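Peer 1: One letter stands for each residue in the lines below.
There are 2 protein chains.
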Amino acid sequence: MSHLWIVGLGPGNALQRTPQADAALAQATDLVGYAPYVARVEAGPDVVRHSSDNREELDRARHALELAASGRRVAVVSGGDAGVFGMASAVFEAIETGVPAWRSLEVEVIPGVSAVLAASARLGAPLGGDFCVISLSDNLKPWTVVCERLRLAAQAGFVIALYNVRSAARPWQLGAALEVLRDVLAADVPVAFARAIGRPDERVVLTTVAEADATLADMSTLVLIGCALTRRIERADGRAWLYTDRKVAS
Amino acid sequence: MSHLWIVGLGPGNALQRTPQADAALAQATDLVGYAPYVARVEAGPDVVRHSSDNREELDRARHALELAASGRRVAVVSGGDAGVFGMASAVFEAIETGVPAWRSLEVEVIPGVSAVLAASARLGAPLGGDFCVISLSDNLKPWTVVCERLRLAAQAGFVIALYNVRSAARPWQLGAALEVLRDVLAADVPVAFARAIGRPDERVVLTTVAEADATLADMSTLVLIGCALTRRIERADGRAWLYTDRKVAS
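Here the protein sequences line up with chains V and H, keeping their order.
Heads up, our numbering is the position in the first sequence plus 932, with the first residue counted as 1.
Heads up, our numbering is the position in the second sequence plus 932, with the first residue counted as 1.
No lab work stands behind these hints: they were computed from the structure.
These numbers were taken from a predicted model, which means no experiment stands behind them.
Virtual Cβ for every residue (Gly too), placed ideally from N, Cα, C.
Just so you know, not all the hints are guaranteed correct.
[What the hints assert, rightly or not] Anything over 10 Å on all C-beta distances counts as not near chain V; from chain H, calculated:
#, residue
1, 938
2, 981
3, 1090
4, 1142
5, 1147
6, 1151
7, 1177
[Stated by the list, open to error] Listed next, with one range per pair, are the computed distances between beta-carbon atoms:
#, chain 1, residue 1, chain 2, residue 2, range
8, H, 1182, V, 1099, 19 to 27 Å
9, H, 1140, V, 1118, 35 to 43 Å
10, H, 988, V, 991, 47 to 55 Å
11, V, 981, H, 1075, 50 to 58 Å
12, H, 951, V, 1087, 37 to 45 Å
Pulled out of the complex, with its shape left as it was, chain V reads as follows:
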């Protein structure tokens, strides 16, 4: 029977992928997704891999729905959690705007450990209080909206996790975002650059709002901006943890 799973693969380390995700992948006849994510899935020789490069997400979603409607058992894969800047929203947009038959498909979203949770765990407990997650990509929203969200989030006292911070096509946005945040946050608020967490090329840089250097980030970097309650705990060996105190003063 046809089926469409939308699967979060977790941050990259297979130990952080859930058994529920593995079970869905084991039943799939077709894997659909951005090539590096599809390549991460072990599968038998009969499984068809539909890897796409820079192809538009909505096209990829429609292709997956067509396959499922034709009777295939399709897994659409994303890194981290598919619901957090992954493929899930594109698939439902394709369903909403597509043929009515797609609304009868069995669609199952399998949650995963998102990059923000993996980065937070690696750093300590920087998400200790309320927090928000913002994509710096201005492909699908105006840059003015990104800036306004950053300003309101910092005013609210949220810890802020930034996705899609920097790429060849997005060279200046993180620097501009840091400027917006410097208007609201104290200079010494901790900032972390968490790159490729859980993968062999993992790298962590701890810095501050005043000193954060946007050029240290790349496509695989998640940037975590603390709040007034985020503190750095120095360890005996020179390393440090970040955590956010749960208590907000009256």
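Using the hints provided, position chain H relative to the given structure of chain V.
Peer 2: Same frame as chain V, but now just chain H:
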């Protein structure tokens, strides 16, 4: 060798717990946590369970650190992800304010699938854009701060996930929070009550900002507030999906 793991058990279904969490739990000599979470862990007869009821989280964290400092291999467990309103922040607060030797302990935070990700997956893709996560508990922060954060988050256009929405000790906060949100959001913005997702007593209610009834929530309910771009897709069988469109108009 002594070790302290802070482990996110995931939302409740064992299939949503990572192999990394299982591996840590399998090495632990002691399990520390709120009783229902400790009870979820399968362990041999030699493993010591330190289950606490309404004991203060900071005391529980200190107890875990004392055990680890004495050479035990301790797993502190939380539901979902330990960094999202779980035990991680309390452990690091205890380290910061505790004896210097605790800074030399091997502490490892193991991320998990948080309740907000499991609820989002169950509903469709409501987190499709930028989002925030807010606890309605006013044990550790003034209620005025909660209200201000809700207002700013709604103004920013974030989808809002609410934790700790209702309990015997917290009977009126969700109703008051909905009133704050009604000042900012359109009446027809989708709202979901997602209770005990992934567990046998799971229950989902889809409603709107205007019609959301706070009394439908309990201790196990996560409330998800949509934004102007969150839409409901009706299915042939009467069920519906929620998703948030990724595109924000200029």
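Peer 1: What are the numbers of the hints that this structure violates, sorted from low to high?
Peer 2: 1, 3 and 7
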